[in-house]
Structure formats: C-alpha cells, structure tokens
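Whole structure, please, built from the sequences with the hints as guidance.
2 protein chains.
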Amino acid sequence: MKRVESNLEYLRKLFIMPETPDKFMEFGHAVLEMIHDFVQEKEGLHQSITLPELAGIFNQTSMPESPHLIRDVVAEIRDKVTLHSVKVGSPYYIGHMTSAVPYFMILLEMIIASLNQNQVKIETAKASSFVERELIAWVHRMIFNQSEGFYRRNIQNPRVAIGNVTSGGTMSNLTALLVAREKALPADRRFPGVRKAGMERALRHHGFTRLVVLTSKRGHYSIKKSANLLGLGEENVIEVPVDTHNRIDINRLRRTIRAIKRDDQITDARTKIMAIVGIAGTTETGNIDPLTELGDIARQEGAFFHVDASWGGPALIIDEYRNLFRGIEAADSVSLDFHKLAYCPMTMSIIVFRNERDLNNLKQVSQYVNRRESVDTGRFTIEGSRPFACLKPWAALKILGKDGYRLLFEQAREAMLTFRRILEDSGNFEILNDPELFIINYRFVPHFVRIEVHELAEASKPSSDRTSREEARNKVRKTNRILNELNIQLQKSIRLDDTTFVSRTAIESTQYQYQRIVVLRAVLINPLINDSILEEIVSTQNRIGLSLADQYEPILKETLA
Amino acid sequence: MKRVESNLEYLRKLFIMPETPDKFMEFGHAVLEMIHDFVQEKEGLHQSITLPELAGIFNQTSMPESPHLIRDVVAEIRDKVTLHSVKVGSPYYIGHMTSAVPYFMILLEMIIASLNQNQVKIETAKASSFVERELIAWVHRMIFNQSEGFYRRNIQNPRVAIGNVTSGGTMSNLTALLVAREKALPADRRFPGVRKAGMERALRHHGFTRLVVLTSKRGHYSIKKSANLLGLGEENVIEVPVDTHNRIDINRLRRTIRAIKRDDQITDARTKIMAIVGIAGTTETGNIDPLTELGDIARQEGAFFHVDASWGGPALIIDEYRNLFRGIEAADSVSLDFHKLAYCPMTMSIIVFRNERDLNNLKQVSQYVNRRESVDTGRFTIEGSRPFACLKPWAALKILGKDGYRLLFEQAREAMLTFRRILEDSGNFEILNDPELFIINYRFVPHFVRIEVHELAEASKPSSDRTSREEARNKVRKTNRILNELNIQLQKSIRLDDTTFVSRTAIESTQYQYQRIVVLRAVLINPLINDSILEEIVSTQNRIGLSLADQYEPILKETLA
Chain A
159 MKRVESNLEY
169 LRKLFIMPET
179 PDKFMEFGHA
189 VLEMIHDFVQ
199 EKEGLHQSIT
209 LPELAGIFNQ
219 TSMPESPHLI
229 RDVVAEIRDK
239 VTLHSVKVGS
249 PYYIGHMTSA
259 VPYFMILLEM
269 IIASLNQNQV
279 KIETAKASSF
289 VERELIAWVH
299 RMIFNQSEGF
309 YRRNIQNPRV
319 AIGNVTSGGT
329 MSNLTALLVA
339 REKALPADRR
349 FPGVRKAGME
359 RALRHHGFTR
369 LVVLTSKRGH
379 YSIKKSANLL
389 GLGEENVIEV
399 PVDTHNRIDI
409 NRLRRTIRAI
419 KRDDQITDAR
429 TKIMAIVGIA
439 GTTETGNIDP
449 LTELGDIARQ
459 EGAFFHVDAS
469 WGGPALIIDE
479 YRNLFRGIEA
489 ADSVSLDFHK
499 LAYCPMTMSI
509 IVFRNERDLN
519 NLKQVSQYVN
529 RRESVDTGRF
539 TIEGSRPFAC
549 LKPWAALKIL
559 GKDGYRLLFE
569 QAREAMLTFR
579 RILEDSGNFE
589 ILNDPELFII
599 NYRFVPHFVR
609 IEVHELAEAS
619 KPSSDRTSRE
629 EARNKVRKTN
639 RILNELNIQL
649 QKSIRLDDTT
659 FVSRTAIEST
669 QYQYQRIVVL
679 RAVLINPLIN
689 DSILEEIVST
699 QNRIGLSLAD
709 QYEPILKETL
719 A
Chain B
159 MKRVESNLEY
169 LRKLFIMPET
179 PDKFMEFGHA
189 VLEMIHDFVQ
199 EKEGLHQSIT
209 LPELAGIFNQ
219 TSMPESPHLI
229 RDVVAEIRDK
239 VTLHSVKVGS
249 PYYIGHMTSA
259 VPYFMILLEM
269 IIASLNQNQV
279 KIETAKASSF
289 VERELIAWVH
299 RMIFNQSEGF
309 YRRNIQNPRV
319 AIGNVTSGGT
329 MSNLTALLVA
339 REKALPADRR
349 FPGVRKAGME
359 RALRHHGFTR
369 LVVLTSKRGH
379 YSIKKSANLL
389 GLGEENVIEV
399 PVDTHNRIDI
409 NRLRRTIRAI
419 KRDDQITDAR
429 TKIMAIVGIA
439 GTTETGNIDP
449 LTELGDIARQ
459 EGAFFHVDAS
469 WGGPALIIDE
479 YRNLFRGIEA
489 ADSVSLDFHK
499 LAYCPMTMSI
509 IVFRNERDLN
519 NLKQVSQYVN
529 RRESVDTGRF
539 TIEGSRPFAC
549 LKPWAALKIL
559 GKDGYRLLFE
569 QAREAMLTFR
579 RILEDSGNFE
589 ILNDPELFII
599 NYRFVPHFVR
609 IEVHELAEAS
619 KPSSDRTSRE
629 EARNKVRKTN
639 RILNELNIQL
649 QKSIRLDDTT
659 FVSRTAIEST
669 QYQYQRIVVL
679 RAVLINPLIN
689 DSILEEIVST
699 QNRIGLSLAD
709 QYEPILKETL
719 A
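Protein sequences, first through last, are from chains A and B. Per the working numbering, the first sequence starts with residue 159, numbered consecutively. Per the working numbering, the second sequence starts with residue 159, numbered consecutively.
None of these hints come from the bench; they were simulated from the model. Misleading hints may appear alongside valid ones.
Same chains, same label: a pair holds when it works inside one copy or across any pair of copies.
Said to hold, decoys possible - Once the Cα atoms are required to be at most 30 angstroms apart in a straight line, the calculated DSSO-like pairs of lysine-lysine come out as: (1) LYS375 with LYS419; (2) LYS171 with LYS560; (3) LYS430 with LYS521; (4) LYS430 with LYS619; (5) LYS171 with LYS181; (6) LYS636 with LYS619; (7) LYS238 with LYS521; (8) LYS375 with LYS650; (9) LYS521 with LYS354; (10) LYS354 with LYS375; (11) LYS419 with LYS354.
Following this line, the structure appears as structure tokens:
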C-alpha cells in the first residue's frame, strides 16, 4: 500500500466537498461496484475464512503512522472486510432480524453523514429536531391513537417529549424502565426522589423492600440488563412461564403476584411491582403477549406497563396487524426498532410514552447544553450526542408509504406460510411454534423418529395409565435430548455448508412442556425471498440433516425400542 | 408530490443493488449536488427560518399513506430539511464540537449501511468484529501502552474485551461506572453481587451507607446521569471546585474526602468512594485535570479511577500532547469520542479498560445471542444491536495516519492561538480560560469597562485594606452581572446575525472566583479555519458587541462610578 506524504492542503481538500461531485463520484462508483460485487458474489453467506484466520489478518497492535491513499484503503476494505462480511441481505440468510435494506437507505446515510447534525440541541440540529418530533408523533399515533388535538398540541411542543429516538431496543427499554423507576419512587415534600437520592434511600423512604419487574420467560435479555443498570438487581426480574404459544401465562402471572404478596406478609417485607413488561413479538418466536390482560393487571397493581415491541412494533404501520396487538394502546410506553421489521440499516429505535408528561421525569439541564429556557431534545434523553438517524424511517415512510409496508408485510407473511408448508411437506421437520410475526421455530426430526415420538407424546398425556405414562415420558425426554444434540450439529453443519443460514435457540415452551428443546429459527422478512429459494433452503437443510441422522439412527432406535 | 402505485416488483427492485451502479449513481449525484449546494450556499449558518415556522412545516400528525418517488422525497429533504439544517461544517461555526468531516467519511457510511452488519454477534458481523477489536487495541495501546505481549495476547482473544465501541460518550461513561459499581459491591461466597441483588441489598451486605463519585465542577452531566441510572443518586456525585485553570483543586478534593470520613464518623455512616472521575478536556473549557494526583488519591482510597477523555482523548493519537495527559496511563478506564476531535461523523465512542478482565463484570449470556461458548462481542456491551461504526475511525486512522492527525491538531492549535491573539488585540474582549485543547472562553467587555474592572479586581485582592476591598468587590460583582447580561444578549444577537457562531456557558472558575461569569465559547478544530476567517469572526462579534454596549453604557458607568 502506498504511503502518501501528508500536507495541510491535501488534508483540507478532504474536508471540502469538491467543486463538482465528480471527484467524489469516482470513489462513490468504486464503493458501489464493491458493494455490488459483494452482493452478487456466490461464495456463501459467511465466507469460508475461519475465525483464527481473520484474527491473523486484523492483528496490528498499533495505529498506522503514515497516511495512505483513499483508493488503497478502499481496496483494503474490499479485500479484508467486505469480502469477509456476512451477507445479511441475502434471501438465503434467514437466521436473524437483519434483512436486505432498500438502496435509498444508502442515499439517506450519505445525507445524514454530510449534514452531521447533532440531535442533542437545537444549535446543532435545526430542521432535524423537527423531523424527529414529527416522526415520533407518527409512531405515537400509530400505537396510542390519541385525539388529533393531542397531536396538534404536542407534535412540536418543546416543553414535552412524547418519545425519544434511541440507538437501539436496549436503550429504549432502559428509558422506559428508568421512567417507571421514577414513578415508583417519586419525590415528595420530604424526599427528593430516587433520581437524586438513589435506590437505597428511595426504597427506605417509600417503605419498600425491593422493586420487581414482571415479564415472561421470552422477555429480551435487555430487561435484565436494565434491572442491573438501574440498581434493582437481575434477581428482581421475575420471569413468568409462557404457554405453548409463547405468550405469558396470565394465570401463572396472577399466581406469581399472589405469591409475592404472601411472601411479603410472611417475611414482613414490602415488594413494589415497578413494571410489567409485555412482549409484542418475542425475539425467539415472534409471538405477542395478551396485552389487554397484562394492562388490566398492571393497572390493578399500580405498576407501569411497558410493551417491548422492538421486533413486532412496525407491523402496526398497517391496520391488518392491529388485532394481534390489541391492548397495546393501554401501555404506558412502547419501544420499537426500525432497523429490524421496518427495513432501516443499523440502528434506529424509538420509545414512546402514552402520557406526554412521563419523560419530564428524565428532564435534565446543564449550563452548556439544555439550559433551562432551552428547547433542546437532549433534555429528555439518556443519550447525549445523537446522529440524525430519524431521517431514515421518516423518509422510508414517505417513499414506501403504508401501502408499501403493507406489500412487504404481506410478502413476509406469504414467505412464513410457504416455509412452514415446505417444512411440513418434507416429512423430516417439526414446527415448534405458532408463527405470527414472521418467525418460525422448527427442528429436524428424521421421519423414522417422528411418528414414534408423537405416539409417545400422546401416551405420556395425563389420560394414560400411570406406568406406561412414566415410561413414555422418559422415552420422549431421552429422545429429545438426542434430537437436541442432532439439531445443534445440524445448525453447525448448515453454517459450515454456508449456502443457507438459520439461527438456533432452545426453548421450554414447545409441545414438549417443560423440557428445553433446541430449535432452528427462521426470520422470513427479506422481500427477496421467493418460493424456489425457500424450497432450496429446506432441501439443503434436509440433505444435511439426513446425513447426520445416519450417525444418530442406532442410538435413536435404541432409545425408542 | 407524485403518489406512486406500489407493487411488489417495484419494491423488490429497491432492495436490490442495481445490476450496474448507474441507477444508484443518478440519485447519488443528485444527493451530492444537494450537499454541495448546501455547503456552498452563503445564507447564514442556521438559516433565517424561525422555530415556529419550522413547527409549521413539520406538522403532519399521521404517517403518509401512499408511496412517493425517491426523486420527490429527496427534493423534499432538500427543500425542507437540508436547507434548514445547521452548517456545523462551516469554519465560521466555531461554537460546538461538531466540525467539518472529511468526505471519505460519506463513502464509509455507504459501506456501513450496505453491509449492515450487526456487531452484537459473530453470526451477523464476521470481519467487522475483528476490525472492532483491532481498533480497540490501537486505542488501548495509545492510552495505556502496555507491552507488545499484552496486545498480542488480547487483541483478538474472544474470552476478554479490553474495551467497547459505544454510541456516545454518555454510554462510555455509563459503562465505566457500571464496572466501577460491580467492583465496589462484588459477589462473594454469601452474596451474588450488586448486579444480581440490586443496590439496596448490596450496600447492606457490604456495610456501606452509600456510594459516591467524585469529580470536578467541570464534570460532564453524563456523570450525574449515570449516577441516576445506576441507582446511586445524583446527590452522590460530589463536584469538587476547580482552580482558575479549570482543573480539579486537589487540596479541595483531599478536604472533601476528609469531610466525608468525618461525617461518616459523626453519623455512624459508611461511605464508599466508588469512583474518582478525572476529565481530560472539559466540555466547557478544554482543560485537563491533574491525572497523576487523581490516580494516586484513587489508589489510596480504593476507588475506581475513570478518565472522561471524550473530548481530548484523540489528541493522544500524536505524541506531542502526551505530556498534557500525564497520569492517564494509570486510569482504570478511559472514554473517548471519535465524532468530536477525531473528525468522524456522529456518533462513535470508545471505552477502554486497563485491566483486560474488568469487562467480565458485564458478561451476559442468553440462549439466542451470546451463548456460553460464544465469541460474540455483545457479551460485554450495555447496548445490544450496534452498527459497524468502528469502520470510520479504523479507516480514518489509515487514510490520515498519525501524520495526518498531527497536521490537523497543529492547525487547530494555530487557530486557537491566532483567535486568542485577535481577541486580545481588539481591546474589547477578555480571555477567561487558559486554552489547552482548542477551546477558548472569552467575553465581550467594552474597552471603557475593561480597565476599570481590572483595577477593581486588583483592589479586591486580599492585600488591599478591608473597606476598599469590600467596596471594590461589590462593584466587580455588579459589573459582572451586567456584563453577563450583555454577553447573553451578544450571543443571541450573534445567532440572529447568523454569519458566525459561538456557543455560551457560565462558569465560576475564571479570575473572578467564585462568581458565575457568562462566557462565549469557541471550539477551533475545523481545518477549514484560516486567519482571515478568524479576523472576520472577531470583527463581526466586536461590531455587534459595540452596538449592544451603547445600551449598557449608562448603567455600566453608573455602577463603576
């Protein structure tokens, strides 16, 4: 790589947009060719390079001394980085929530970077502050659907914030739970509030032993993370079991609350239920909690009701999915990510609060930003400096419109149903969730095992006689343990094969309650997916599964005998 | 604006990089022309449009229904957004830490968006995980300069993380203080640690009444924010006064610590000093704390030593500034932003830990990401999904090299010194800090007041006799109050004039100790700055100042009489 002699004139020129865009376009063209080649290239989704090999490539322990030509660094990026990146945009990559993004997103990123506004304050973000508030109003209305007057009053009212743009779902959930903590441990005449005084004094003042958060076992790990950060302690996130549809079991939730109260009485403690967190699209299975019931319980218990719709939220852009989310309008706050189901690049998340005064609990001022009389967005956010990321969903909603998103979600739904049908038709796969929001859990179960396991599962039901029930259950358990191993091997082999990709998790909420079952997980939102691609994915995975099944056949047959 | 009929084929095409880049280039060209026009355009830094007028433009309370042409939306962005954005890249805009960025950053953003890697896990970020670790090693070495063996061992070792990339300085500081809290309230045989048990139980178990953080009055407001988030309470951030160089007053710090211990004895409390936070480049004044002394005190007190180098840190890229940061190598953690002094677009921050095991305190696992055996970066971060933002500093350090950054920082230093000289020469400005890292605090003091105030300030020193001292001090105080008002007016008028921009703050640490003085604040890092631009800025501000001074002259003269 050529080292260049640096001088201030050369450097200055880098900081000026050239007189005409030609110079820039030359590089832009090279970058686009590179991206194009990467996308077209057929060499597999993750590339065959191993992690130790990559470790050998990126092993410079000191910063570069001399400058290098942009051209050379772009070439280095192509050879070392792009070539060994994951093709998350490929329709054969259906393993995670990252999908293809429309190419106009790249144009928007160019605008964002070149304007380089800092959303923290109006002096560094003029129009962009207004874009952000407009977008937040759209999202708020999509979820809470308050009166036109509410939005007229608040859309550009700098004294309140009805939501925040954040860097991701974790930050959105953290913001919600921070507000919940403030409301659980508020200031009064004799106390400055948890924010000023800290957790220990706040609990003591309000006479609580602890704050707890209730959510389901499918709750995202950011809820525990937030409980750690906020000083509640991870132990005080109580995970309630789910039913076989991966929805929080409302009866178990009620029992859990009763148990908390009983324990409080016995131990002379006082537990405050700070928040109940509903999930609108679980990370692993895409299912939605019964939000109406959760809202009712939260109200009865005086708990803050947060809905983590990081995954599913954007489905509300169109009315067809509203029914699934029934009850979300009663939430105190809802978080949703635009870099997942709304097809924006990493990262762009929103948290909205039903009550326009809730975010006042976070309000902060300082001398150099966010002065008392200020209209700065940064008064209401956990984060400080923030990019003009909201331009992406704002423009995407205009370019695609609700109509466009409708077509995309219809296509995703079709892909989900088709994938399920192909899996079922193959005879060697078992579906393990009730797919709602474009996520399917399944596993490879060789045909010779499937029928037996089903019969055994039937025999293990309470209706059968006790001895044969026990025996049948034991067999199912043992078989599932072997199948778990087989499916871990399968997913690893699929990764090695690298022409298709699904992810893997382990859940206790399948029909084999409550044994933890290893499942393959497909997320089917890429608009480039078509039927023949799905056929290809299943046939590849079936082929790999069958070759593995040979190894497992003796032990499986022995277990089932 | 033309509404377009949406169909799936049209939508799908948006998700595919066109066969040749031509189609994309057509839009890319339009975007670049737009950016170019915006930069060239001479209409002022913030545009004359008022905030209420902007509120009238961005007042759609519902999401758009129908799709629109990309061309039309880009035109809408041009007319409504770009045109009314803040020209943070202009050399006349010297008010905040946002500067011009080199145009290759736009190319890098294009790459980041189109690869769309998610840094949270290796399955969604292969080479990019290694780029991130390499960059973190460079930064770690720049600060802590451990042995070559240390970096060989840890640079690509997935079992540890010597630092994290975060979305901003606030998240970096929060990460540092979260680790500090874990270390202050650790797990032991009878206790699962604050992370699991929460603040109240952890304090009780360890026998502490509270945790405190000590920092100077110049500490960034994210320290208080973090103390709120972490359940310490904002009141437990103890802000120690600074000297007239805006550096923490070490004697006052020692006295503060003694006072805490004395109070603990009297009230039978037990305060744990969780962390001491040094500042390497204060937000308001750019000055650096005496880090060696802070490190010594932190060690004596068993406190975690964090250095907030969000502003100044990148100056360490070159050796010439090392002396200013003496003692930083003894810190437990250091945060630094690349979107400020390192000329990257918003946002890109790093937190590094001297001890490679410290981030294990954050380690988390879940079934669907970051499994136990995993090598995923997300095990160590507060944030979840994260963009491939680290490509920007990684590539910038290659393209510019240390040599390039040296030239940029030399130029910034020249600009700082020149600006100070021009201000001093004008006769109507007073410099109010001791500029180190490219930030100057100054204020407008009309010539007829300056001499008098200085004489009075002399007379108010302890050496003078008591009566005349009291009288002189009173006069200085009153005069400063009027000058504060004048300078607030001046900064507002400068904003209205809109051909130049500086920010404003109020600090108690000028030569007029401890009266709060309103100061104008200039940040001089834009490489496009030259002497004649600086002359122009001062002459404009002097002209506006003089016209305001006319109004204030009678009252000022009366006060000084």
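Q | Hint check against the structure, violated hint numbers in rising order | A | 4
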